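Work the whole structure out from these sequences, hints included.
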Amino acid sequence: MSVTAALYQVDQHRRRDPRPPATTRMWSRRSTEYPDCVIARVEGELDAVLHDELRTALGRCRSMLCRVVVLDLRATTFMSIRAASVLADAKADAWRAGIELRVVSGRKEVERALEVAGVRPQFRYFPTLRTALTS
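Under this note's numbering, the first residue of the sequence shown carries the number 6, and numbering increases by one thereafter.
By construction, these hints were calculated from the structure, which means they are not laboratory data. Quantities reported herein were computed from a predicted structural model and do not represent experimental measurements. A couple of the hints might just be wrong.
[What the hints assert, rightly or not] Using C-beta positions, here's what the derived DEER-type ranges look like:
1) 38 - 121: 31 to 41 Å
2) 111 - 32: 29 to 39 Å
3) 123 - 83: 15 to 25 Å
4) 116 - 58: 29 to 39 Å
Using N, Cα and C, we set each Cβ at its ideal position, and we do this for glycine too.
See the structure below:
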């Protein structure tokens, strides 16, 4: 199948799909149980359009005077390879600032993007948000 034919099929599927297009939300807050931690969460797709927003959000987290930033990706349905690379850069920036960046994923799509980008070994595996907060 050619790329053009594949794109045409995707376009036709989107026109028939009654669901609204996926939206992405990013938010962060300081943990009430663990005051040295900031939790950031990404919901939806983390693709090329959102790289700058992700960088900005993680930068804001670093400026909140904390020791740990936990990035919760459990509700992330897609992660681009470039977004995975942005996470690796953010981890290095956080480390230079004396902050640990921890990632909680859980979805195979996100894990695969981290592996393909070659950055998975940089992040310790945390199965739950609580585990990431208490480690």
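Checklist entry - CB of residue 116 to CB of residue 58, is that within 29 to 39 Å? => result Given about 22 Å between the Cβ atoms, the range is violated.
Next on the checklist: A range of 15 to 25 Å was offered for this pair. Does it hold for the Cβ distance of residue 123 and residue 83?
Outcome noted: holds, 18 Å
Next on the checklist: Does the beta carbon distance between residue 38 and residue 121 stay inside 31 to 41 Å, or does it fall outside?
Outcome noted: Distance hint for residue 38, residue 121 holds at roughly 34 Å.
Item to check | Consistency of beta-carbon spacing, residue 32 to residue 111, with hint 29 to 39 Å | outcome: violated, 18 Å
Consistency with the previously given hints fails for numbers 2 and 4, ordered from lowest to highest.
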